[in-house]
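Visitor: Single-letter residue listing:
There are 2 protein chains.
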Amino acid sequence: MNDTVSSVILRLGERAGIAARRLVGAQTAQKNLALETIAGRLEKAQADIIAANRADVAAACERRLDAAAVERLELNEKRIKAMADGLREVAALPDPVGEISGLTYRPSGIQVGRMRVPLGVIGIIYESRPNVTADAAALCLKSGNACILRGGSEAIHSNRAIAAIIRAGLLEAGLPEDSVSLVDTTDRNAVGELLRLDKYIDVIVPRGGKSLIERIMAESRIPVIKHLDGICHVYIDDKADIDKALSIALNAKTQRYGVCNAMETLLIAEGIAAAVLPPLAEQLRAKGVELRGCEQTRSLLSGCMAATEEDWATEYLAPILAIRIVNDIEEAMAHIQLYGSHHTDAIVTEDYSRARRFLREVDSSSVMVNASTRFADGFEYGLGAEIGISTDKLHARGPVGLEGLTTQKFIVLGDGQVRA
Amino acid sequence: MNDTVSSVILRLGERAGIAARRLVGAQTAQKNLALETIAGRLEKAQADIIAANRADVAAACERRLDAAAVERLELNEKRIKAMADGLREVAALPDPVGEISGLTYRPSGIQVGRMRVPLGVIGIIYESRPNVTADAAALCLKSGNACILRGGSEAIHSNRAIAAIIRAGLLEAGLPEDSVSLVDTTDRNAVGELLRLDKYIDVIVPRGGKSLIERIMAESRIPVIKHLDGICHVYIDDKADIDKALSIALNAKTQRYGVCNAMETLLIAEGIAAAVLPPLAEQLRAKGVELRGCEQTRSLLSGCMAATEEDWATEYLAPILAIRIVNDIEEAMAHIQLYGSHHTDAIVTEDYSRARRFLREVDSSSVMVNASTRFADGFEYGLGAEIGISTDKLHARGPVGLEGLTTQKFIVLGDGQVRA
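Protein chains in written order, with UniProt numbering: chain A, 1 to 420; chain B, 1 to 420.
This is chain A alone, in the form it adopts within the complex (with noise of 0.2 angstroms):
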């Protein structure tokens, strides 16, 4: 069985190298029209989509899975036009391949320059949400990459509907067919294989929870980038405008709380504790968000409940708030770095060398002056769209869109220059 799994593995390896590198020459309007094609295939059989989606549906609540992850796998004729509407958008994004940069004269009379070019094949492992089937495609096929794709099992179904009209998308638009593929099986030994298949796939991205992440970077051969969670801090600084600090810190914990640029933890400066902690505290109860507090954060709040030291390194996803006072700029930087995930963290300062101080020492993907956490998000930023935000250090950090999927080459334009 497992020696089966292997060979399927090793096949959609092969078949997905050659169609990376047809499509590393492939013209933007033609990737642009197999979008634009699937787009519309996937509108059209909305109804086979359904049916699809129906028996994984069925299965999951067969299987007893909860509410929310049922909700996650469901597909209806909204969902199914998002996900159009999102291919389109990906078609309308500027095509980042082929762009040459800093290509400038050497004395030796060589220009040089750089040009970016697709990684190559990208291996996407993702759990239940059957869109991500057609996101992590548009991105990967528009990036001139080819994609093979492992969904989780609860959504077989959906996602071998939805790869079958991308296929067939493909074809259409004159594109290899093996550019998106679809691991075609529910044994869990293929994600092991996929991680194993060093020679084909040159990065894998992940999209899920925790402990599938860290599984896949105890087992890859092959780099990864990684999309982890938050846990993000607002420090308000004794200089800071009060009205901005409610404003940001209730936007940054309130405004969704099931996500990872949400603040988990709001650092607040001793001078000005007194004059913010009381009304804020107030508007986020308002919103029914539980308020942890240290010893002196409780000595202005009442009824605040003691936060423990697993309380800073948590992050909560829900209407939970982990508040600490701190001395000034200096401890709040180093609660961050000792807490922190190095994803999003802001200060709210009109204090020009603290904010300048700030944005240069905090070590995370996003490190934000006067905005709400909630900003750190490939649209926001102008990326057009996002696979994830990474908190890795190397290739692509914070929100990765089309240039993350990317590489750049030298590329050396000469008149038959030789060393000397």
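Copies of one chain are not kept apart here, so a pair can be met inside one copy or by any two copies together.
Computed list of lysine to any residue pairs in SDA-like fashion (alpha-carbon distance at most 25 angstroms, straight line):
| # | residue 1 | residue 2 |
| --- | --- | --- |
| 1 | Lys226 | Leu394 |
| 2 | Lys244 | Asp415 |
| 3 | Lys199 | Leu394 |
| 4 | Lys199 | Arg221 |
| 5 | Lys226 | Ile213 |
| 6 | Lys244 | Gly271 |
| 7 | Lys199 | Arg215 |
| 8 | Lys210 | Pro223 |
| 9 | Lys226 | Gly17 |
| 10 | Lys239 | Asp415 |
| 11 | Lys199 | Leu10 |
| 12 | Lys199 | Glu219 |
Don't read these hints as lab results, they were simulated from the structure.
Given the coordinates of chain A, work out where chain B should sit on it, guided by the hints.
Guide: Coordinates of chain B only, in the frame set by chain A:
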């Protein structure tokens, strides 16, 4: 014993981490001062360094290392001067840290851009040449990174002497001495311990032979920026200018033999082979280069050995050249894809469309038109200095200079904006 090594390495990591956080905020002038100070100290301590080096050389002779290895190990006045000058050259390079690019306003009113920042702590694992100790430390320091250096055991006395001078110079310039530390043990387990220290080390840069690099790739839990050797090709198209073809091929093969950007295989279009090969062979043979060709090549060159399948996949690093006649650019690119090492490949042609196609489709870290592969080099490309040449796709590709030792984070500047 192993426990001791493990705790020694752990301590080095902790201290390097603390130093790295201080280096993020270090001013350019201070880093340059440290480099200049260390350069002066190296020159002043010349006699001590040479004395330490003599102990290494004596041990190497006793262990009967071959003459080339002893030669690489040896330090003399000239080499110490070269090390010091190298440090001064790095001081003169622009500081990549803190550069902000693409800072633009978004519809929400926030400004979003990217800031170039150090990677953090870099682990350098290298073989015999003790000058790497100074070169690598200088590049890491200028790019704002702390580094942990693990040199070859045969150079331990030399490396100790150089590292002590570097650390003294750092202190004198007001920077933490743990910005540069040496793994001061010849215990082989130290490498394994370093490769597991993902809590403190952000990236591993190995410098050495293929077996060292393969071991590191297999063992490392930390991302590796690889510096592999090259099987570089020159493809002479049938639209090539014959004079350019002759001088490029001659230069790419014979300007130096033992380097990763030397040509190892010459591909030549059938239509031009009879005009190019005989005069080229004459010039190559005059330099003592042994030729190994395909059947067609041998029919044009009397006395040419037959190339085997193995020859196409071999990096000779020697005066040997494999030659293959191909139908056209298509077959040339297929050969490069199959046998190449994605290092540096060049086309010689006057045909615009073929040049454009080769540039886009050949998947190597450097792709050239009408220039010698020997130009693939950090100095020739204007990077100022290089820590090696990466054939990876992620993060850094091609010659890796100061920029390759940094990363970027997103920065957001606002006036109190919140997400709608």
